[in-house]
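S.K.: Residue numbers (the numbering used here), protein chains in the order written: chain A, 1 to 304; chain B, 1 to 304.
It should be emphasised that the hints constitute simulated quantities derived from the structure, not laboratory data.
Keep in mind that the hints are not guaranteed to be accurate.
Given that identical chains are not distinguished, each listed pair holds provided it fits within a single copy or across any two copies.
[Said to hold, decoys possible] Derived lysine-lysine pairs resembling DSS-like cross-links, with alpha carbons at most 30 angstroms apart:
#1 K181 x K283
#2 K17 x K180
#3 K151 x K283
#4 K181 x K17
#5 K65 x K27
Protein chains: 2
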Amino acid sequence: MESVQYLGIDVGGTNVKMGIVDAQTGKISNFYSHDTANWRTSGHFVERFADAIALQLYAHKEVKKVGIGLPGMINRERTVPLEITAIPELDGVPMVETLNKRFPDVQFYLENDANAAALGEFYFADEKIDENYIFITLGTGVGGAAIINRKVFVGGDGNAMEPGHIPSRNGRVLERNIGKKELLDLANERRQAYQGNTVLAADGSISTTGLVAAAAEGDELAMQVWTEVGEMLGDGLVSLVRILDIKQILIGGGLSASYDYILPAVQKQLNYWLTPYYLKDLKLQRATLGNDAGLLGAASLCFD
Amino acid sequence: MESVQYLGIDVGGTNVKMGIVDAQTGKISNFYSHDTANWRTSGHFVERFADAIALQLYAHKEVKKVGIGLPGMINRERTVPLEITAIPELDGVPMVETLNKRFPDVQFYLENDANAAALGEFYFADEKIDENYIFITLGTGVGGAAIINRKVFVGGDGNAMEPGHIPSRNGRVLERNIGKKELLDLANERRQAYQGNTVLAADGSISTTGLVAAAAEGDELAMQVWTEVGEMLGDGLVSLVRILDIKQILIGGGLSASYDYILPAVQKQLNYWLTPYYLKDLKLQRATLGNDAGLLGAASLCFD
Numbered sequence: 001m002e003s004v005q006y007l008g009i010d011v012g013g014t015n016v017k018m019g020i021v022d023a024q025t026g027k028i029s030n031f032y033s034h035d036t037a038n039w040r041t042s043g044h045f046v047e048r049f050a051d052a053i054a055l056q057l058y059a060h061k062e063v064k065k066v067g068i069g070l071p072g073m074i075n076r077e078r079t080v081p082l083e084i085t086a087i088p089e090l091d092g093v094p095m096v097e098t099l100n101k102r103f104p105d106v107q108f109y110l111e112n113d114a115n116a117a118a119l120g121e122f123y124f125a126d127e128k129i130d131e132n133y134i135f136i137t138l139g140t141g142v143g144g145a146a147i148i149n150r151k152v153f154v155g156g157d158g159n160a161m162e163p164g165h166i167p168s169r170n171g172r173v174l175e176r177n178i179g180k181k182e183l184l185d186l187a188n189e190r191r192q193a194y195q196g197n198t199v200l201a202a203d204g205s206i207s208t209t210g211l212v213a214a215a216a217e218g219d220e221l222a223m224q225v226w227t228e229v230g231e232m233l234g235d236g237l238v239s240l241v242r243i244l245d246i247k248q249i250l251i252g253g254g255l256s257a258s259y260d261y262i263l264p265a266v267q268k269q270l271n272y273w274l275t276p277y278y279l280k281d282l283k284l285q286r287a288t289l290g291n292d293a294g295l296l297g298a299a300s301l302c303f304d
Numbered sequence: 001m002e003s004v005q006y007l008g009i010d011v012g013g014t015n016v017k018m019g020i021v022d023a024q025t026g027k028i029s030n031f032y033s034h035d036t037a038n039w040r041t042s043g044h045f046v047e048r049f050a051d052a053i054a055l056q057l058y059a060h061k062e063v064k065k066v067g068i069g070l071p072g073m074i075n076r077e078r079t080v081p082l083e084i085t086a087i088p089e090l091d092g093v094p095m096v097e098t099l100n101k102r103f104p105d106v107q108f109y110l111e112n113d114a115n116a117a118a119l120g121e122f123y124f125a126d127e128k129i130d131e132n133y134i135f136i137t138l139g140t141g142v143g144g145a146a147i148i149n150r151k152v153f154v155g156g157d158g159n160a161m162e163p164g165h166i167p168s169r170n171g172r173v174l175e176r177n178i179g180k181k182e183l184l185d186l187a188n189e190r191r192q193a194y195q196g197n198t199v200l201a202a203d204g205s206i207s208t209t210g211l212v213a214a215a216a217e218g219d220e221l222a223m224q225v226w227t228e229v230g231e232m233l234g235d236g237l238v239s240l241v242r243i244l245d246i247k248q249i250l251i252g253g254g255l256s257a258s259y260d261y262i263l264p265a266v267q268k269q270l271n272y273w274l275t276p277y278y279l280k281d282l283k284l285q286r287a288t289l290g291n292d293a294g295l296l297g298a299a300s301l302c303f304d
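Given the sequences, and given the hints that come with them, work out the whole structure.
M.R.: Take a look at the structure:
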């Protein structure tokens, strides 16, 4: 028996990824990544977006449900984007209604992209993930989601889980301390002050890849930087655990390559702040699906 | 037509309050506060507790549902206390099952006491409270609850909302900075260092009532202390708002008498950290039900 297929769409700041997802296996076919620069300059983003959807649907007429992950805040009913920082022309656009008009036989599901990625990991990752878990993505920003009873936790008004904007050190929010740019600023700053031996460049050109590679080689300064990042992340995770009472945490995103080097400091902070009630069941893991999580999770919005 | 009545029970560390609650009006009758010292020393707390319940039920045979608020963590299914710090002999006791055996015609509902108080305010307070709101209690500790869609948010494993244990300043959790004892320690410390004029005693005997009264009189040092408390509370509230996406916040508990004096600093922190998406709908209020909230809320557990 042929498995059900859904169209999964991961809307990013500069491109939109689409693919047909086999609901059973998570296999992605007909994958396409659209560069959206022209869509934006045309002033008709939603129409160009719908055109791209049409191409997928015409090639796969059996697909009757489409899931879409958006990089920002959406309304509680999950039908209208509210604040999409990278594509502000979407704010307030009745997207589901508009798409329903063009494709009356198809159902559309909207979600925040971090929430979608969390669902993607939940349904399709190799490792076993609890029906209650916290998903954190480390990248330019720090995103997150909470899955409770296998469902996205949307909170009171629909946009729960902004862990990147929890107060952190130095009067800055967490992601302005450990987001990609900021952690490189930190590394360069620490490098300037460092008296010991290190492979890290002193000319302000440290990269995240270089920082991970150096830590893998045992470079002391690199490890100190990741420790500082891990401490700040750990403090943020403690707040999440205390507020949500969830013990499983998955770390994903572009910077999760640093996982092994931030983990000891993260664990140290968790041990410092938490009690046995939490610690005995605490489980930290690295997410495994990588860049596919968002698209797969968007497709999983179509599940019953 | 006679209104429905439920038995509401608020279990505290040293006493248990019980009363028959009119579901419509919130009127409490047959109120009794049992000192539980003897219950504890007898080693048969639950039996003595059940005896007290029996007295209420025999006097009000029409009451078929009982709601109980407990000061600590309970299991996800809401049938067994897990960690009741003040009455540890309750930990792991199958309370609902035990009470059901003794009172087979009666239904019992368990909840954490802060959660119950939040429900009490929601259903019976004079001021209008949204179906999504955050409840914070300031006292010896800092407790909290989140009501989402009119229901207690229990999180992943049933014990969500421990705002008092969010990391705060100086390597301490929030309630070890602004709990009653700690804020008096802070006041005494600031008094020692203070060079100006103040009504506050220099002998380490500052009380919370004195601190509120002094602030009401415009005492500068008292206002500075409340400002520091308000800043720390505000930072904690920001984390809650960012994680839960809830904009209404009610402040209650024994120390809520300080509300007017902590509010400016709380608001300042909220304005610093949050964005218009949150700030435009943010609503802070002081809870009004006082000590009755827990009992009324426990009774409201019996609502459909």
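S.K.: If a hint holds in the structure, say so; if it doesn't, say that too.
M.R.: Here is how each hint holds up against the structure:
In this assembly of identical chains, K181 and K283 lie within 30 angstroms of each other by CA distance solely inside one copy; the values are 28 angstroms within and 34 angstroms between copies. Taking CA atoms no more than 30 angstroms apart as the test, K17 paired with K180 passes inside one copy only; the shortest distance there is 23 angstroms, against 53 angstroms between copies. Taking CA atoms no more than 30 angstroms apart as the test, K151 paired with K283 passes in both settings, with 19 angstroms inside one copy and 28 angstroms between copies. In this assembly of identical chains, K181 and K17 lie within 30 angstroms of each other by CA distance solely inside one copy; the values are 25 angstroms within and 55 angstroms between copies.
Only within a single protomer do K65 and K27 lie at most 30 angstroms apart by alpha-carbon distance; the minimum there is 16 angstroms, versus 51 angstroms between protomers.
In summary, the structure agrees with every hint in the numbered list given earlier.
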